[in-house]
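Undergrad: Position chain B against the provided structure of chain A, taking the given hints into account.
So the chains spell out like this:
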Amino acid sequence: MPAITCIVNGTSTTMDVAPGELLADVLRERLGLIGVKIGCGEGECGACTVLVDGLAVLSCIYPAAKADGRQIVTIEGLQDDRHLHLIQQAFVDRSAAQCGYCTPGMILAAKALLDLTPNPTREEILTGISGNICRCTGYYQIVEAIALAAERSREGGM
Amino acid sequence: MPEEASVWDVFVTAASVADALHQLAGLQGEGRIIAGGTDLVLQAQRGLCPSRAMVDITRIPELDRIETRDGFVVIGATVTHARIAGSPTICSQAPLLAQACGSIGGPQIRNVGTLVGNVVNALPAADGAIALFALGAEVEVADLDESRWLPIAELYEGVGMCAIDPCAQMVTALRFRPLAAHLGSDFQRLARRRALVLPIVNVGAVVGVYNGCFTDARIAVGPVAPTPFRASEAEQLLIGQPVSDELIAQAAVAAASSARPRPSLLRGSPEYRTEMVEVLVRRALGNASAQAVAA
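Residue numbers (my numbering), protein chains in the order written: chain A, 1 to 158; chain B, 1 to 295.
Okay, chain A solo, but in the shape it has when bound (with noise of 0.2 Å):
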């Protein structure tokens, strides 16, 4: 069993994982990241995506082993002891959820477009986000919310 280092929500973290473990069960069944979620289970839906070296990845078919010396942020990563994050705060202010199962992972797939792109159009939010399924709410809300989150940190924040 390779022992892998990593930091997890800008914590060290070092344990043994099994050679064909993949990053989702760890992070769930190990760390208790429970807000990663498995939808598909095979790379087509988007709910297990977590940032890897700021890079949205798909936790669902990502190696464990893979992610020594990386950096990964899950959902709870994101807020902060008190506030949440604005993209999180956006998805609230904009009724973005419904069953709430794909939204981590379109939160975190909104985080790696803005980091890169602070000032999407409609169309590249539309591609940022296109890994990530979503059967309850049409979209039209996340994209919504997306926008709002990146007019707000253009604004220096909430």
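Hints listed in this document are in silico derivations from the structure and should not be mistaken for laboratory results.
Hints should not be assumed to be uniformly reliable.
Some chain A residues flagged as far from chain B (calculated, every beta-carbon gap over 10 Å) [claimed, not checked]:
#	residue
1	11
2	76
3	77
4	101
5	141
Okay, the calculated bits of chain A under chain B, using three or more residues with CB under 8 Å as the criterion [claimed, not checked]:
#	segment
6	37 to 45
7	61 to 70
8	83 to 93
9	123 to 131
10	142 to 150
For clarity, every value in this text was computed on a predicted model and none was experimentally measured.
Backbone N, C-alpha and C fix where the C-beta goes; we use that ideal spot for every residue, glycine too.
TA: The following block gives chain B in isolation, referenced to the frame of chain A:
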């Protein structure tokens, strides 16, 4: 699904190409190279990958580069689709490849999956491979004895069947000539939605125009045969002839006649897909030749 979670028994990280090949040799037929793993993990979960030992090449620094060397654009084996789609070198020297890599999967897949993986999987639908066929790309295959460049078509032996021995060889890079100023290119893709689906038909085209006549034509088409292929009859119709909409339409008909699609519940009937080959080839040639004329 913890009981399904262990998709293989060994996972080692290679420090160099030589190290990766030695590790493969040491695994005596049980090992296989992994880069992004976006296809390989699923194949392993479905019992479609016989190997139980993975050699990870994504920490090998020299494989992570896009560079211009000896008159070629060279793309290393661990370069992801997202890097290619966003690369200024690729966007200027082979824009159809940037288009193709930007249309694969969704952002998360493109951040992890590699173009070389797209080739080694040998699927006729692979968007990146279609662009590489149109670019006339070559593939660097390495084993413990040597490394050599092969034309990309030589790697394809059938649906999902790559000619390299995955237990003893690896692809280290791809290369192609940058598109000269008189060449235009385009990539066309028809799919049920714009992300996370395989194409119904995809087409890559590169054409050259000089004095109003086609000087070069390379048309690659998928997935309407067991492997991606070049529509050579259509290419021959174009070369030496004056650029016109009528000629492009004739070439598109010729390309469609080379298609041999199977019936597919996912992709539609052979008749539909053959007709769509004609439409996509016509559009790709129109866009590519407009670029070439404007240059």
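Undergrad: With reference to the structure, classify each hint as holding or not holding.
TA: Do the hints match the structure? See the list:
no. : hint       : result
1   : 11         : holds, 23 Å
2   : 76         : holds, 19 Å
3   : 77         : holds, 17 Å
4   : 101        : holds, 16 Å
5   : 141        : holds, 19 Å
6   : 37 to 45   : holds (count 5)
7   : 61 to 70   : holds (count 6)
8   : 83 to 93   : violated (count 0)
9   : 123 to 131 : holds (count 4)
10  : 142 to 150 : violated (count 0)
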